[in-house]
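We have chain V; now place chain Y onto it with these hints.
Here's the letter readout for the chains.
2 protein chains.
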Amino acid sequence: MVKIAIIGAGSVSFSMKLLQDLNYYKDLSGSTVVFMDINEERLELVYTLAEKYMKETGARLNLEKTTDRKKAIDGADFVINVVKIGGYHNMEKEREIAESLGYYRGFGDRVSDYYGGFAAYEQLKFIRELAKDVEKLAPNAWYMQVSNPVFEGTNLALRETGLKVVGFCHGYLELFHLIRVLGLDPKDVEEQVAGFNHSIFLTKFKYKGENAYPLIDKWIEEEAPKLWNSYEYMISPWEYTQLSPASVEMYRLYGLFPIGDTPRAVSPWWFHTDLNEKKKWYPAGGPDSEIGWTMYLYGLKLRLAQMERLARDPNVSIVKELPVEESMESIIPFVDAIVNNHRRRLVLNVPNQGAIPGIPDDVIVEIPVYVDKNGIERERIEKIPSRLMLYVLIPRWLRMERILQAFQEGDRTSLLLMVMDDPRTKSFEQGKNLVETILSQPWNEEMNKHYK
Amino acid sequence: MVKIAIIGAGSVSFSMKLLQDLNYYKDLSGSTVVFMDINEERLELVYTLAEKYMKETGARLNLEKTTDRKKAIDGADFVINVVKIGGYHNMEKEREIAESLGYYRGFGDRVSDYYGGFAAYEQLKFIRELAKDVEKLAPNAWYMQVSNPVFEGTNLALRETGLKVVGFCHGYLELFHLIRVLGLDPKDVEEQVAGFNHSIFLTKFKYKGENAYPLIDKWIEEEAPKLWNSYEYMISPWEYTQLSPASVEMYRLYGLFPIGDTPRAVSPWWFHTDLNEKKKWYPAGGPDSEIGWTMYLYGLKLRLAQMERLARDPNVSIVKELPVEESMESIIPFVDAIVNNHRRRLVLNVPNQGAIPGIPDDVIVEIPVYVDKNGIERERIEKIPSRLMLYVLIPRWLRMERILQAFQEGDRTSLLLMVMDDPRTKSFEQGKNLVETILSQPWNEEMNKHYK
Numbered sequence: 001m002v003k004i005a006i007i008g009a010g011s012v013s014f015s016m017k018l019l020q021d022l023n024y025y026k027d028l029s030g031s032t033v034v035f036m037d038i039n040e041e042r043l044e045l046v047y048t049l050a051e052k053y054m055k056e057t058g059a060r061l062n063l064e065k066t067t068d069r070k071k072a073i074d075g076a077d078f079v080i081n082v083v084k085i086g087g088y089h090n091m092e093k094e095r096e097i098a099e100s101l102g103y104y105r106g107f108g109d110r111v112s113d114y115y116g117g118f119a120a121y122e123q124l125k126f127i128r129e130l131a132k133d134v135e136k137l138a139p140n141a142w143y144m145q146v147s148n149p150v151f152e153g154t155n156l157a158l159r160e161t162g163l164k165v166v167g168f169c170h171g172y173l174e175l176f177h178l179i180r181v182l183g184l185d186p187k188d189v190e191e192q193v194a195g196f197n198h199s200i201f202l203t204k205f206k207y208k209g210e211n212a213y214p215l216i217d218k219w220i221e222e223e224a225p226k227l228w229n230s231y232e233y234m235i236s237p238w239e240y241t242q243l244s245p246a247s248v249e250m251y252r253l254y255g256l257f258p259i260g261d262t263p264r265a266v267s268p269w270w271f272h273t274d275l276n277e278k279k280k281w282y283p284a285g286g287p288d289s290e291i292g293w294t295m296y297l298y299g300l301k302l303r304l305a306q307m308e309r310l311a312r313d314p315n316v317s318i319v320k321e322l323p324v325e326e327s328m329e330s331i332i333p334f335v336d337a338i339v340n341n342h343r344r345r346l347v348l349n350v351p352n353q354g355a356i357p358g359i360p361d362d363v364i365v366e367i368p369v370y371v372d373k374n375g376i377e378r379e380r381i382e383k384i385p386s387r388l389m390l391y392v393l394i395p396r397w398l399r400m401e402r403i404l405q406a407f408q409e410g411d412r413t414s415l416l417l418m419v420m421d422d423p424r425t426k427s428f429e430q431g432k433n434l435v436e437t438i439l440s441q442p443w444n445e446e447m448n449k450h451y452k
Numbered sequence: 001m002v003k004i005a006i007i008g009a010g011s012v013s014f015s016m017k018l019l020q021d022l023n024y025y026k027d028l029s030g031s032t033v034v035f036m037d038i039n040e041e042r043l044e045l046v047y048t049l050a051e052k053y054m055k056e057t058g059a060r061l062n063l064e065k066t067t068d069r070k071k072a073i074d075g076a077d078f079v080i081n082v083v084k085i086g087g088y089h090n091m092e093k094e095r096e097i098a099e100s101l102g103y104y105r106g107f108g109d110r111v112s113d114y115y116g117g118f119a120a121y122e123q124l125k126f127i128r129e130l131a132k133d134v135e136k137l138a139p140n141a142w143y144m145q146v147s148n149p150v151f152e153g154t155n156l157a158l159r160e161t162g163l164k165v166v167g168f169c170h171g172y173l174e175l176f177h178l179i180r181v182l183g184l185d186p187k188d189v190e191e192q193v194a195g196f197n198h199s200i201f202l203t204k205f206k207y208k209g210e211n212a213y214p215l216i217d218k219w220i221e222e223e224a225p226k227l228w229n230s231y232e233y234m235i236s237p238w239e240y241t242q243l244s245p246a247s248v249e250m251y252r253l254y255g256l257f258p259i260g261d262t263p264r265a266v267s268p269w270w271f272h273t274d275l276n277e278k279k280k281w282y283p284a285g286g287p288d289s290e291i292g293w294t295m296y297l298y299g300l301k302l303r304l305a306q307m308e309r310l311a312r313d314p315n316v317s318i319v320k321e322l323p324v325e326e327s328m329e330s331i332i333p334f335v336d337a338i339v340n341n342h343r344r345r346l347v348l349n350v351p352n353q354g355a356i357p358g359i360p361d362d363v364i365v366e367i368p369v370y371v372d373k374n375g376i377e378r379e380r381i382e383k384i385p386s387r388l389m390l391y392v393l394i395p396r397w398l399r400m401e402r403i404l405q406a407f408q409e410g411d412r413t414s415l416l417l418m419v420m421d422d423p424r425t426k427s428f429e430q431g432k433n434l435v436e437t438i439l440s441q442p443w444n445e446e447m448n449k450h451y452k
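The listed protein sequences derive, respectively, from chains V and Y.
Going letter by letter, the first sequence gives residues 1 to 452 in full-length UniProt numbering.
Going letter by letter, the second sequence gives residues 1 to 452 in full-length UniProt numbering.
Next comes chain V alone, as it looks inside the complex:
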């Protein structure tokens, strides 16, 4: 059986999802799962939970735990990277600094985590180190990137190693939210999304063999305004991003409906100039506003508290508290498809290899693929409208290239030029001030040296 290493397993609730899926895909029984984290407390927590879960369910998996990355990787068949270096504290401090310099919600303000050239540094550095370790200790393993930035991270791992690199994101599942709202039976829907991680669009949408885009148009006309004015919508900054005015306007501007985190990540700058403007496009403020993001950070704490309670209290059953069905994450289904030759369609981040014309072959794209023991076969991707290519996908590709170039060449001027490209930058002095102020923070000492 196979060895699966979860790097950053202290992301407790995510690791528990993987464990549930491993239990659900029975043909993976007997596999070895190594939980690895440098945070011993969290590692203990997830291991305790996992043991309890195994006892409750009778799942047959060999569980291991270690703080030694190399030990976890050694001989692994699948290495899953869910690491987020340093948590959110410094990022929130940097956001405050950037706000004081004229950047509302900070510099990496869409999909509020790793999009800026700054905060990406720690993540990219770790991804590079991990991928190089995997290349040495388990050169035939699949390197599986789950934590952000998936787009930049998978491309970096691909460029710096000879590994089989795949990126995972559940964002596209929001498509089924749309399908549900339209009242369609998913079984009769033929769909395809394509683009980059957090920048995917609905390239095919058929219902019972017919083009179903008119059903979206009808929903926009007749139903959407009601939803946007509902109480339920107004108290849910996260829940309805897929169905937001932002998504509808992007569909109008670029010609295809954006899916998942896309209306957050690559929505145009004028949606985001201040909270009032944001509310026009995301009536409850949206996930990346001071409202939505505060809720997210609070939610992380709630989830951790729940996990601690589940681990501590012998009277509480995990199976009863956590849903037993599969999580909908593609990670374990991917492993199962490879290991057990259970061919299935998954939306994954894989090298383009011609799937999207106009994007280089070696750039990672997010598209539907068929996975089995022979690996990955790309679905034929529908033609993407030229306006969408020219105003969304190529600029996003260029941004990835800039972030990687700045990182790989340690190029401080490139960081500055990236900041100068932000529509909120009004002068060279302002841009320079942002770069220098962020880099001179005590926690960024190493990054400050890296960017010459």
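If you're looking for bench data, these hints aren't it; they were derived computationally from the structure.
Check the hints yourself; a few may be wrong.
[As the list claims (entries may be wrong)] Derived DMTMM-like pairs: lysine to aspartate or glutamate, alpha-carbon spacing no greater than 25 angstroms straight-line:
1) K280/V to D421/Y
2) K383/V to E401/Y
3) K426/Y to E277/V
4) K452/V to D217/Y
5) K426/V to D274/Y
6) K280/V to D422/Y
7) K280/Y to D422/V
8) K279/V to D361/Y
9) K280/Y to E436/V
10) K426/Y to E290/V
11) K383/V to D361/Y
12) K279/V to D422/Y
For chain Y alone, coordinates are given in the frame of chain V:
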């Protein structure tokens, strides 16, 4: 002998340059030169001047004139397009409109002519029509684009016809201004420029076999500040662009020295926020400021008046008034190289075909090539620094693709998205207002219909 058609020959002083060169390259004697223009008055003027010039010099050329484009093209070996549709009047009116809406110096404000999505329309429409006529009437002719926008125009002609397309610009000759100021003998200089038209950089610069960039560094350190403070510099908004603080700062930011119109066309936005800011980078205001551009428009009138006097006054000798040496334009040397197999190195705009890695093969680049009866052979281009690719060349390539896509698909939303990408656009309403106001001008009726 060959037939050369000059379309837009009413650009009198330019046509006279070509005539001088035709006289200089003696092996082209006996060629037929057709002056074509729809402006009969200008056509008469240039024809009168040309006959007078032939008489004075004894040049042996068969001169023809016509207002019929198809007649000029029919059976031509070389079709030279120097047409500027409609002169500058409407462009200046549109600049006023854009200024009133918050766009200092208007929307297409760098290389103050055809860079905006708007003003390009008439030019691109004409280029398409002309190139299609050439394809029909002289399918083996070389289609030679001289008038702007050379970058967009050559790419359009290449994509819409099967013609051999070449673009011409004398901008790169400014390199010899730099060489002269450095006190170097051009004979001992090995140089190479590469990029796109109006976006070229000094990719190789050697003096007597040694890297000569340190000589530029020394000049920047010791001599440039003196020049920038000189009276001569301060009264010459055009003359010294090559040696401006703009060029020096772009060299610092992107790693290679910009040549010719490059410090105008792709200088960063923060050089251009207002006249005071411009003066930091172009101490006399620069060619595209209200100062330099006013001088340019006035200069056009002066030159026309000079030409009219030369034609009118039988006592004035053309040969005495106009320099007799070759003009340094590459157009006739190109014709001579092809026709007479006089192999020579020229800097031309030709399909990339791998010359610059990272740019598609079929995109037109400006690079040194060797020309003879077999056609064009590309010089091997030195590696271009990644920062220059990511912050100048790829964005400029993307802008060309956007301008062509908007034009070819008649895509009004694309025009708007281009405007929204301008750092001066502060809101969607402002951008939309600019597009709609420009398109609703009476002279833009046809363009207004074209962009749906």
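For each hint, the structure was consulted:
| no. | hint | verdict |
| --- | --- | --- |
| 1 | K280/V to D421/Y | 20 angstroms, holds |
| 2 | K383/V to E401/Y | 17 angstroms, holds |
| 3 | K426/Y to E277/V | 12 angstroms, holds |
| 4 | K452/V to D217/Y | 20 angstroms, holds |
| 5 | K426/V to D274/Y | 12 angstroms, holds |
| 6 | K280/V to D422/Y | 22 angstroms, holds |
| 7 | K280/Y to D422/V | 22 angstroms, holds |
| 8 | K279/V to D361/Y | 44 angstroms, violated |
| 9 | K280/Y to E436/V | 23 angstroms, holds |
| 10 | K426/Y to E290/V | 22 angstroms, holds |
| 11 | K383/V to D361/Y | 21 angstroms, holds |
| 12 | K279/V to D422/Y | 24 angstroms, holds |
Violated hint for the displayed structure: number 8, the only one.
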